[in-house]
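There are 2 protein chains.
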Amino acid sequence: MANAQNLSIALVHYPVYDKNGDLVATAVTNLDIHDIARSGRTYGISRYYIVTPVVEQQKLVEKIRLHWLEGWGATYNPKRKAALETIQIESSIALALADIEKRTGKRAKTVVTGAAGRPNSISFKELSGLLEEPEQPYLLLLGTGWGLSKEIFDQSDYVLEPISGGGDYNHLSVRSAAAIMLDRLFGR
Amino acid sequence: MANAQNLSIALVHYPVYDKNGDLVATAVTNLDIHDIARSGRTYGISRYYIVTPVVEQQKLVEKIRLHWLEGWGATYNPKRKAALETIQIESSIALALADIEKRTGKRAKTVVTGAAGRPNSISFKELSGLLEEPEQPYLLLLGTGWGLSKEIFDQSDYVLEPISGGGDYNHLSVRSAAAIMLDRLFGR
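As you go down the protein sequences, you meet chains A and B in turn.
Numbers 1 to 188, taken from the numbering used here, label the letters of the first sequence in order.
Numbers 1 to 188, taken from the numbering used here, label the letters of the second sequence in order.
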């Protein structure tokens, strides 16, 4: 059975495309932090990395995190505390990978996700099989804005098949996509 | 195969519980509107009802809807327009059911959802089977706040099994839960 403890998620705010195809750093949004942390905790993933090189944005995430972990929020809603404990802020995907290597002693394999179909992508079932390997960490990369840069796709170890709803419309929010991915991998 | 056109969703803002177990009307949130509309459109459901008896809240939803359907948003992001076209505002669950009956000529069967397990709940597979019946509409009721009132559970035709992530933590956002439910019903 696929082991969720072998999986970490990175929500990447740079390098991603904007509407015009330019590379930008997107702003962190509060509900991305909460929703994906709650989904991640429900399915038992290892870490949820918020990746942004923008120092002010890192401070904002840390402020939200501490509010729920140590501030008034920790008493008001302990369930939210348990979810946000999985959050870690990193400046880049490389630093998130370095953190996984420090924790586990192994370099994580990267799995990139996107709404468009690509050649050589692996299915959810194949990824689920890979996550059965003992002690091999994986990092699932989720893009914000209009998606992860071509460079990230080219450098990743695996590309995951897009989620299809059966029709030609395929514009889930990153929060919804993350929830569905985790359920397909671990929710049975 | 389960027919998504037989399914509508109602996001219910009253009657739901607050943290203290009192019945309240919760506030509509912008991302509940967008995320669930996008998930609903991806899987091809019939309607997405936003249920609130609070007139000011109905006006707010209508303002958001029109911004994306007819205002600046329709040109800026046509994909969002396609999602928000499924939205309809109703004052109560009864009026959402009346609207379905007007459109289809049949009374919808109600399916209530919640995070806690209950006796006599049906599985996703069983609901998927029910959605194969030709021309029998179903209305999936999603609660906000701390969940739908006991009365709604008692009056509903079916209770859907809760989503489990395998562990003891089960606190998905309503946006994530809706996405996972639609994927389990229609996403293969």
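Hints may be right or wrong, so weigh each one.
One copy or two, it doesn't matter: identical chains are merged, so the pair holds either way.
[Said to hold, decoys possible] Under the rule of at most 27 Å between Cα atoms (straight-line distance), these lysine-lysine pairs were calculated in the DSSO-like manner:
no., residue 1, residue 2
1, Lys-79, Lys-19
2, Lys-125, Lys-19
3, Lys-63, Lys-150
4, Lys-19, Lys-102
5, Lys-109, Lys-79
6, Lys-59, Lys-102
7, Lys-81, Lys-125
8, Lys-125, Lys-63
9, Lys-125, Lys-150
10, Lys-79, Lys-106
11, Lys-19, Lys-150
Hints are computed from structural coordinates only; laboratory data are not their basis.
Tested hints:
no., hint, result
1, Lys-79 to Lys-19, "between (36 Å within a copy, 12 Å between copies)"
2, Lys-125 to Lys-19, "neither (32 Å within a copy, 39 Å between copies)"
3, Lys-63 to Lys-150, "neither (32 Å within a copy, 37 Å between copies)"
4, Lys-19 to Lys-102, "neither (36 Å within a copy, 40 Å between copies)"
5, Lys-109 to Lys-79, "neither (30 Å within a copy, 33 Å between copies)"
6, Lys-59 to Lys-102, "within (23 Å within a copy, 52 Å between copies)"
7, Lys-81 to Lys-125, "neither (31 Å within a copy, 33 Å between copies)"
8, Lys-125 to Lys-63, "neither (37 Å within a copy, 42 Å between copies)"
9, Lys-125 to Lys-150, "within (24 Å within a copy, 38 Å between copies)"
10, Lys-79 to Lys-106, "neither (31 Å within a copy, 41 Å between copies)"
11, Lys-19 to Lys-150, "within (15 Å within a copy, 45 Å between copies)"
Hint compliance for this structure: hints 2, 3, 4, 5, 7, 8 and 10 are not met, and every other hint is.
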